[in-house]
Amino acid sequence: MVEGKFNEIHGWAAIKPGLEVERWSYKPRPLGENDIEIKIDYSGVCSTDLHVIRGDWGKDLFPTIVGHEIVGRVVTKGENVTEFHEGEIVGVGPQVSACRDSTCHECSRSLDQHCSQKVFTYNDVYGDGNQAQGGYAEAIRVDSRYVFKIPSNLDPAYVAPLMCAGSTVYAPMLHAGVKKGDRVGVVGIGGLGHLAIKYAKAIGAEVVAFSHSPKKRDETLELGASEFVNTANADEVQAIRGTLQYLFVTSNVDPRKYKDFVTWMDFKGQIILLALAQGELEVSPILLAQKKVSITGSLIASREDQKAMLEFSAAHNILPVIETLPIDKVNDAIQRVENGKAHFRIVLVHGEDN
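Numbering of the sequence shown is given in the working numbering, commencing with residue -16 and proceeding in unit increments.
Careful, some of the hints might be misleading.
As a list, the in silico DSSO-like pairs of lysine-lysine whose alpha-carbon atoms are at most 27 Å apart [claimed, not checked]:
id : residue 1 : residue 2
1  : Lys324    : Lys312
2  : Lys101    : Lys(-12)
3  : Lys184    : Lys163
4  : Lys274    : Lys251
5  : Lys184    : Lys275
6  : Lys312    : Lys(-1)
7  : Lys42     : Lys132
8  : Lys274    : Lys290
9  : Lys163    : Lys22
10 : Lys242    : Lys290
11 : Lys10     : Lys42
12 : Lys251    : Lys240
13 : Lys274    : Lys10
14 : Lys184    : Lys290
15 : Lys275    : Lys163
16 : Lys101    : Lys184
17 : Lys(-12)  : Lys312
18 : Lys184    : Lys42
19 : Lys(-1)   : Lys10
20 : Lys275    : Lys199
21 : Lys132    : Lys198
22 : Lys312    : Lys290
23 : Lys132    : Lys199
24 : Lys22     : Lys132
25 : Lys10     : Lys22
26 : Lys290    : Lys162
27 : Lys251    : Lys275
28 : Lys(-1)   : Lys101
29 : Lys242    : Lys162
30 : Lys240    : Lys290
31 : Lys(-12)  : Lys22
32 : Lys274    : Lys22
33 : Lys242    : Lys199
34 : Lys251    : Lys198
35 : Lys162    : Lys101
Have a look at the derived ranges for each label pair, beta carbon to beta carbon [said to hold, decoys possible]:
id : residue 1 : residue 2 : range
36 : Glu202    : Arg239    : 22 to 30 Å
37 : Asn216    : Leu271    : 34 to 42 Å
38 : Leu2      : Pro238    : 35 to 43 Å
The hints are simulated quantities; they were obtained by calculation from the structure and are not laboratory data.
This structure is a prediction, so every number in the text was calculated from the model and none was measured.
Even for Gly, the Cβ is constructed at its ideal location relative to N, Cα and C.
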């Protein structure tokens, strides 16, 4: 059995619900024959991290090291791992395991992110009882089937947010069949939304960006949007009603707004939720039927979707807008995200001592 190089992994953990993490270490689970041990170089800060740190979901495990936008270098691999080599730059997203059984109803259809035996990168427990710990740490051990090669033409620091935010917006576009010439709306021009604009633009769609902040108009157009709609301007909203084939909702908008979203859609349009509104959606069943509009949602991506996202990103040079902070400023990063001060995405840079 191959021994890992990290007998104890040092990181930054939420010890109790709140908005702070502190130095903490844990003994990692044994390195399995299909596992890879990664020395982490970069970890993105995702809004999900904050939800777990705060204990928003009621089933959060403490202490917990969050972070599921991970890029680093392979330092050890299990005896059955042949696809990766030591020193290779790789990424890890929100999931680190699934049964991958050919008889599994989900895994057999490339829906492994919905497998009943899936394990998320953090705030979850492996079948052997060990708690999964995430990327705000010096290292991580992961099933090699949930480790992804990083294209050589992409800057690793910028790739970190793609491992969650990138695949979260690209995968539903891929499965919905967004194509050249479609009119694609994006609600919320933040960490997810700015990437949604970039991917839709690269596909060849005509992108309509929606925000209540007119200050975002110029930058949104620079990102690739064809139009910007200030949702506080009734005339601008009226002008786009009935024109969209797709609408990607990337921010936690008031669920009562969905009844208006339906009116923005062309016949057979799709509204796709990428952020989860608090409360029940309010829509008119009659209007849905009349316009043949569907409302659906998407969470994390499958293994195949992750690979497709990285290939597409490399082919079209799609990278997020980021700001960086050293890992020892992690609490500053958390506060910037919490207060809406982050410029799209924050990436934590890990030094040799983390």
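Comparing the hints with the structure gives:
{"no.": "1", "hint": "Lys324 - Lys312", "in the structure": "15 Å, holds"}
{"no.": "2", "hint": "Lys101 - Lys(-12)", "in the structure": "26 Å, holds"}
{"no.": "3", "hint": "Lys184 - Lys163", "in the structure": "9 Å, holds"}
{"no.": "4", "hint": "Lys274 - Lys251", "in the structure": "6 Å, holds"}
{"no.": "5", "hint": "Lys184 - Lys275", "in the structure": "25 Å, holds"}
{"no.": "6", "hint": "Lys312 - Lys(-1)", "in the structure": "19 Å, holds"}
{"no.": "7", "hint": "Lys42 - Lys132", "in the structure": "32 Å, violated"}
{"no.": "8", "hint": "Lys274 - Lys290", "in the structure": "35 Å, violated"}
{"no.": "9", "hint": "Lys163 - Lys22", "in the structure": "40 Å, violated"}
{"no.": "10", "hint": "Lys242 - Lys290", "in the structure": "35 Å, violated"}
{"no.": "11", "hint": "Lys10 - Lys42", "in the structure": "22 Å, holds"}
{"no.": "12", "hint": "Lys251 - Lys240", "in the structure": "19 Å, holds"}
{"no.": "13", "hint": "Lys274 - Lys10", "in the structure": "56 Å, violated"}
{"no.": "14", "hint": "Lys184 - Lys290", "in the structure": "20 Å, holds"}
{"no.": "15", "hint": "Lys275 - Lys163", "in the structure": "22 Å, holds"}
{"no.": "16", "hint": "Lys101 - Lys184", "in the structure": "33 Å, violated"}
{"no.": "17", "hint": "Lys(-12) - Lys312", "in the structure": "26 Å, holds"}
{"no.": "18", "hint": "Lys184 - Lys42", "in the structure": "38 Å, violated"}
{"no.": "19", "hint": "Lys(-1) - Lys10", "in the structure": "19 Å, holds"}
{"no.": "20", "hint": "Lys275 - Lys199", "in the structure": "32 Å, violated"}
{"no.": "21", "hint": "Lys132 - Lys198", "in the structure": "37 Å, violated"}
{"no.": "22", "hint": "Lys312 - Lys290", "in the structure": "31 Å, violated"}
{"no.": "23", "hint": "Lys132 - Lys199", "in the structure": "34 Å, violated"}
{"no.": "24", "hint": "Lys22 - Lys132", "in the structure": "14 Å, holds"}
{"no.": "25", "hint": "Lys10 - Lys22", "in the structure": "15 Å, holds"}
{"no.": "26", "hint": "Lys290 - Lys162", "in the structure": "19 Å, holds"}
{"no.": "27", "hint": "Lys251 - Lys275", "in the structure": "5 Å, holds"}
{"no.": "28", "hint": "Lys(-1) - Lys101", "in the structure": "25 Å, holds"}
{"no.": "29", "hint": "Lys242 - Lys162", "in the structure": "26 Å, holds"}
{"no.": "30", "hint": "Lys240 - Lys290", "in the structure": "34 Å, violated"}
{"no.": "31", "hint": "Lys(-12) - Lys22", "in the structure": "10 Å, holds"}
{"no.": "32", "hint": "Lys274 - Lys22", "in the structure": "51 Å, violated"}
{"no.": "33", "hint": "Lys242 - Lys199", "in the structure": "24 Å, holds"}
{"no.": "34", "hint": "Lys251 - Lys198", "in the structure": "32 Å, violated"}
{"no.": "35", "hint": "Lys162 - Lys101", "in the structure": "31 Å, violated"}
{"no.": "36", "hint": "Glu202 - Arg239: 22 to 30 Å", "in the structure": "28 Å, holds"}
{"no.": "37", "hint": "Asn216 - Leu271: 34 to 42 Å", "in the structure": "26 Å, violated"}
{"no.": "38", "hint": "Leu2 - Pro238: 35 to 43 Å", "in the structure": "25 Å, violated"}
In summary, the numbered hints that this structure violates are 7, 8, 9, 10, 13, 16, 18, 20, 21, 22, 23, 30, 32, 34, 35, 37, 38.
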